[in-house]
Amino acid sequence: MKIIVARFWAVAKQAFLRRMSSVLEQSGRTILLAIILCVWWKLWQATDFGKFAGFRPKDALWYLMATEWIVLSIPYTHIDIEAEIRSGDFAFNLLRPGSYAGYQVANGIGLSTANWIAIGVVGISVTYALTGSLPDLTLARFASVGLLGLLAAWACTLVMVTLGLLAVWTNDATPFAWVWQKLQFVLGGLMFPLSIYPGWLKRLAEWTPFPHLLGNLATPMLGSGEGGGLLMAVLQVGLWVAGFSLILSFVFQRAVRRTLAG
Amino acid sequence: MDAAVSVANLRKEFRVKAKRRTFANLWQRKTTQAPSAKAKVFSAVDGITFQIAPGERVAFVGPNGAGKSTTIKMLSGILAPTSGDVSVLGMIPTSERSTLAYSIAAVFGQRSQLWYHLPVRDSWQLLGRIYGIPAKIHQQRLDTLCQKFGVGALADRPVKQLSLGERMRCELIGCFLHAPKVLFLDEPTIGLDVEAKGLMRDLVKDMCTKEGCTLLLTSHDTGDMESVCDRVIIINQGRVVFDGAVAALRRRYVTQKILAVNTYDRDVNWESVALPILERAAHSAKFAVDVQTTNLQEAMTQVLAAAKIVDLVVEDPPMEETIKKIYAATAMSTGA
Chain A
1 MKIIVARFWA
11 VAKQAFLRRM
21 SSVLEQSGRT
31 ILLAIILCVW
41 WKLWQATDFG
51 KFAGFRPKDA
61 LWYLMATEWI
71 VLSIPYTHID
81 IEAEIRSGDF
91 AFNLLRPGSY
101 AGYQVANGIG
111 LSTANWIAIG
121 VVGISVTYAL
131 TGSLPDLTLA
141 RFASVGLLGL
151 LAAWACTLVM
161 VTLGLLAVWT
171 NDATPFAWVW
181 QKLQFVLGGL
191 MFPLSIYPGW
201 LKRLAEWTPF
211 PHLLGNLATP
221 MLGSGEGGGL
231 LMAVLQVGLW
241 VAGFSLILSF
251 VFQRAVRRTL
261 AG
Chain B
1 MDAAVSVANL
11 RKEFRVKAKR
21 RTFANLWQRK
31 TTQAPSAKAK
41 VFSAVDGITF
51 QIAPGERVAF
61 VGPNGAGKST
71 TIKMLSGILA
81 PTSGDVSVLG
91 MIPTSERSTL
101 AYSIAAVFGQ
111 RSQLWYHLPV
121 RDSWQLLGRI
131 YGIPAKIHQQ
141 RLDTLCQKFG
151 VGALADRPVK
161 QLSLGERMRC
171 ELIGCFLHAP
181 KVLFLDEPTI
191 GLDVEAKGLM
201 RDLVKDMCTK
211 EGCTLLLTSH
221 DTGDMESVCD
231 RVIIINQGRV
241 VFDGAVAALR
251 RRYVTQKILA
261 VNTYDRDVNW
271 ESVALPILER
281 AAHSAKFAVD
291 VQTTNLQEAM
301 TQVLAAAKIV
311 DLVVEDPPME
321 ETIKKIYAAT
331 AMSTGA
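Chain order of the listed sequences is A and B. Take the numbering used here: the final residue in the first sequence is number 262, and no numbers are missing along the way. Take the numbering used here: the final residue in the second sequence is number 336, and no numbers are missing along the way.
Since the hints were made in silico from the structure, they are not lab data. Think of the CB as a built atom: it goes at the ideal place given N, C-alpha and C, for glycine as much as any other residue. Check before you lean on any hint, since a few could be wrong.
Derived list of chain A stretches under chain B, where covered just means 3 residues or more per stretch with a C-beta under 8 angstroms from a C-beta of chain B [unchecked claim]:
1) 56 to 62
2) 93 to 101
Far from chain A, by Cβ distances over 12 angstroms, these chain B residues were calculated [stated by the list, open to error]:
3) Thr49
4) Lys73
5) Tyr102
6) Arg111
7) Arg129
8) Ala245
9) Val246
10) Ala274
11) Pro318
Just need the whole structure built from these sequences, with the hints factored in.
In structure tokens, the structure reads:
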């Protein structure tokens with residue numbers, strides 16, 4: 001057990017350090033976030049969105065920052081896996097002790113943690129600079145939003161690894177990831193909180209993992225007691241992590257079986 | 001003593017679909033014929049059997065598509081056989097891959113087990129963790145291997161900045177880190193220059209001898225076979241066509257000797273010599289002697305009588321020629 005933990009810890013640590021040291025990649029992500037925040041801030045001020053949706057523009061921007069914080073932290077692990085499957089390296093990586101899927105998840109966790117730190121620092125700074133104030137939250141609740149966001153990014157890493165492995169059958173995992181991302185944006189409430197959605201769409205979304213891993217986690221940023229309890233949020237993310245782990249394990253076993261068959 | 005590698009009647013078939021599945025031909029297939037009629041079965045490995053004793057160094061030689069890499073993949077557990085038995089260190093590779101992984105290592109010439117963007121040292125460090133090698137033992141072993149393989153400053157460079165020869169040396173260090181009992185090398189010298197090839201061969205032979213590591217090496221290059229291995233298994237069209245010592249291969253298949261002579265005179269009239277001339281140049285010539293029909297001593301006498309000889313050497317033909325003969329003979333016997 002100790003060896004297994006040490007093994008995955010080493011992979012995650014290596015990925016974290018590698019991503020932290022790649023200044024260009026981190027700059028790209030954080031600049032993109034800063035642009036998104038600036039554009040939406042101006043848009044909401046110009047359209048008086050706050051009045052229409054019932055939120056202050058300041059709170060809506062903090063909400064957007066929190067959702068983008070999660071989305072931009074998720075690594076594109078599926079692309080690496082797809083490339084390895086196409087080149088045949090996937091089969092050769094099975095020669096190492098331990099699970100290939102486990103390595104990819106550990107690698108994704110390392111990358112997402114590094115992304116989360118950079119996005120968090122820039123996101124909070126830029127949002128604060130634009131709005132001139134912090135969200136109406138206690139520091140502990142604010143921290144919990146961030147940490148749950150990290151957990152959600154890890155959960156999404158499990159999905160990205162699963163989607164990448166689908167390339168064993170389809171040779172191309174990008175369409176699956178693309179569909180996942182678009183559903184996440186729409187049903188997860190990336191731009192707007194689910195509370196302003198039509199009732200039927202809101203009910204539909206609640207049956208999917210997307211709001212539990214995105215919008216619901218950011219709603220405390222809207223202030224005035226928005227969002228469910230912390231414990232419920234932790235439970236929901238935990239359940240999705242468990243569910244995604246089971247799906248990943250199933251898909252990985254099938255992918256290995258398919259690869260071994262030639 | 002139990003064999004390190006044991007293969008019995010191993011077979012691998014691939015089903016090749018004749019047509020891609022498109023909406024158009026899905027409809028056609030549904031309406032005209034059964035789906036299986038479109039699939040062709042191709043035998044990559046066709047019932048091979050051999051055993052390798054612990055510590056033995058065996059070359060697995062064959063032309064392109066002979067089934068060498070397919071066999072190595074089945075032995076290392078990343079490809080399941082269609083039928084037959086495979087055992088490596090007493091384990092079944094496909095079902096016990098995770099356990100077997102600690103005791104074997106593999107280098108596939110065109111692929112890298114090192115992380116492309118990381119400095120080599122970090123890759124080795126990561127491999128150490130993956131194989132669960134205690135830090136102190138890992139460091140000692142790494143120091144020894146780095147010294148032996150002469151990598152020194154290379155270790156701090158990212159893998160992507162290494163030349164092929166440098167990378168292969170680093171790959172081998174990665175392989176030997178966890179002291180494997182069986183080493184599979186698939187075309188390890190492909191693309192290397194003569195000097196790098198020589199170095200690789202010496203290092204592999206030396207390490208395997210010292211550590212008692214069983215080696216199965218596939219190669220197109222008969223030089224790898226002659227320099228590193230004691231035994232050779234020749235495979236063609238998925239079947240073993242020769243299995244024995246390298247010396248036995250020569251005895252059995254080398255039916256020709258080459259007489260290479262250097263002469264005192266620049267131009268010599270060789271008409272009196274009743275041997276085929278392979279090569280002719282100023283002050284030198286090479287003759288082929290079929291030892292099954294011609295007495296070598298008589299052939300030498302003829303040559304010595306025809307000119308004033310400065311030097312005379314009896315050579316074996318290049319091993320490539322011998323192997324080619326074996327391939328041709330098996331192709332004829334199978335009617336391919």
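Which of the numbered hints above does this structure break?
-> Violated hints: 1, 4, 5, 6 and 7; rest satisfied.
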